[in-house]
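Assemble the whole structure, with the sequences as input and the hints as a guide.
There are 2 protein chains.
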Amino acid sequence: MPNPIEFYFDFSSPYSYLASEKIEALAARHGRRVQYKPILLGAAFQVAGTRPLVDIPLKGEYSKRDLVRSARFEGVPFALPQPFPVATVGAARAHLWLSDRDPARAQAFVHAAFRAYFAQGRNIAQSDVLEQVLREVGADPTEVLPAIQQPAIKERLRAQVDEALARGVFGAPFMFVDGEPFWGHDRMPQVERWLAEGPF
Amino acid sequence: MPNPIEFYFDFSSPYSYLASEKIEALAARHGRRVQYKPILLGAAFQVAGTRPLVDIPLKGEYSKRDLVRSARFEGVPFALPQPFPVATVGAARAHLWLSDRDPARAQAFVHAAFRAYFAQGRNIAQSDVLEQVLREVGADPTEVLPAIQQPAIKERLRAQVDEALARGVFGAPFMFVDGEPFWGHDRMPQVERWLAEGPF
Numbered sequence: 204m205p206n207p208i209e210f211y212f213d214f215s216s217p218y219s220y221l222a223s224e225k226i227e228a229l230a231a232r233h234g235r236r237v238q239y240k241p242i243l244l245g246a247a248f249q250v251a252g253t254r255p256l257v258d259i260p261l262k263g264e265y266s267k268r269d270l271v272r273s274a275r276f277e278g279v280p281f282a283l284p285q286p287f288p289v290a291t292v293g294a295a296r297a298h299l300w301l302s303d304r305d306p307a308r309a310q311a312f313v314h315a316a317f318r319a320y321f322a323q324g325r326n327i328a329q330s331d332v333l334e335q336v337l338r339e340v341g342a343d344p345t346e347v348l349p350a351i352q353q354p355a356i357k358e359r360l361r362a363q364v365d366e367a368l369a370r371g372v373f374g375a376p377f378m379f380v381d382g383e384p385f386w387g388h389d390r391m392p393q394v395e396r397w398l399a400e401g402p403f
Numbered sequence: 204m205p206n207p208i209e210f211y212f213d214f215s216s217p218y219s220y221l222a223s224e225k226i227e228a229l230a231a232r233h234g235r236r237v238q239y240k241p242i243l244l245g246a247a248f249q250v251a252g253t254r255p256l257v258d259i260p261l262k263g264e265y266s267k268r269d270l271v272r273s274a275r276f277e278g279v280p281f282a283l284p285q286p287f288p289v290a291t292v293g294a295a296r297a298h299l300w301l302s303d304r305d306p307a308r309a310q311a312f313v314h315a316a317f318r319a320y321f322a323q324g325r326n327i328a329q330s331d332v333l334e335q336v337l338r339e340v341g342a343d344p345t346e347v348l349p350a351i352q353q354p355a356i357k358e359r360l361r362a363q364v365d366e367a368l369a370r371g372v373f374g375a376p377f378m379f380v381d382g383e384p385f386w387g388h389d390r391m392p393q394v395e396r397w398l399a400e401g402p403f
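So the protein sequences, as listed, match chains A and B.
Mapping the first sequence onto my numbering, position 92 (from 1) lands on 295, and the numbers just tick up by one.
Mapping the second sequence onto my numbering, position 60 (from 1) lands on 263, and the numbers just tick up by one.
One thing to keep in mind: the hints can contain errors.
[What the hints assert, rightly or not] From the structure, some residues in chain A lie toward chain B, with a derived Cβ separation under 10 Å:
#	residue
1	A247
2	G252
3	T253
4	E264
5	S273
6	R275
7	G371
8	V372
9	G374
10	D389
11	R390
12	P392
[To be verified] Covered stretches of chain A (chain B as the covering partner; in silico rule of three or more C-beta atoms under 8 Å from a C-beta of chain B):
#	region
13	265–272
14	393–403
Think of the hints as simulated: they come from the structure by calculation, not from any bench.
No experiment lies behind these values; they were computed from the predicted model shown.
Quick reminder that beta carbons are idealized off the backbone N, C-alpha and C, glycines included.
Rendered as structure tokens:
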């Protein structure tokens, strides 16, 4: 069984959303699957000394334009939500909890949460929205929401963030293909060639 | 006559070098030409509060790997030079001086200077190297090198940098197609579609 594509992301990262809409089909074309690994980008930004894109002078203004254009380029429904960015610790923990129990549902949750926020403008940082999204993928919020307040799942997420930092993750999406790092949805053509032809 | 693709760059920007090896063929496929506009990225970094890529923790290490891989992906000869980055004010002024007198030679100079630095490891900040590169494109260094110390050409470069900042340029390569901004060599697929099909 070949290694999965490891896909580190933050639920509040719009370029991660764009990539998430394409990466499974790309992986499948080469007999791979995708292992989603949500992290909290704020921790990575602290290490790298960077900031959320939209807060940076000039770059922030351009990024908003680039995002909507890139979404049209990819054919992915997108509208920059307000507020942006939002806290995604709840969504990330919910994903971890689901992935321990039902990987297919966890994968469906990635897409449902991303689309709720970036296509439908629903604030996934709010517990009522998170509750709805969990229901949409057939999970029981009365089971998940209390569980993600437990120390064990909090520790799992901390460990996943630490693992990402230790592997050099500083932004999102950040993908590893057989250990090779690729940052950004715009590296997907390189990911595809790497999968098709091997290291270049 | 359709508008040229405006191509803002710094002679010390490796992703600009990669793009410069492809942009003219891309433009020609759509009946366009390329207008090269060298700037000094340091000024843009000050406005945007950013730093040279390789100086940023985590991101810097990744960037070195991404650069050599991206060059292989594009089939462009590349080796990260030492020292890096270097001062490019001389090369930028020489380009401006040439472009006022002989646009074809100015264009040849862009490629000769980029290749000298990023493919051949020659430090274009050194005046003897700049002199050689000028000779390689058939320019007379005894005419160009004194001329680029004159106030008029210094002012021209300052104005070009100010123009870039006023248009929101914060990195390189930064391209405008009929006013639409595209940042990064990885936006060339979007540039190509914009040229082929119009705004999307």
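Unsatisfied constraints (hint numbers, rising): Checked against the structure, no hint fails, so every one of them is satisfied.
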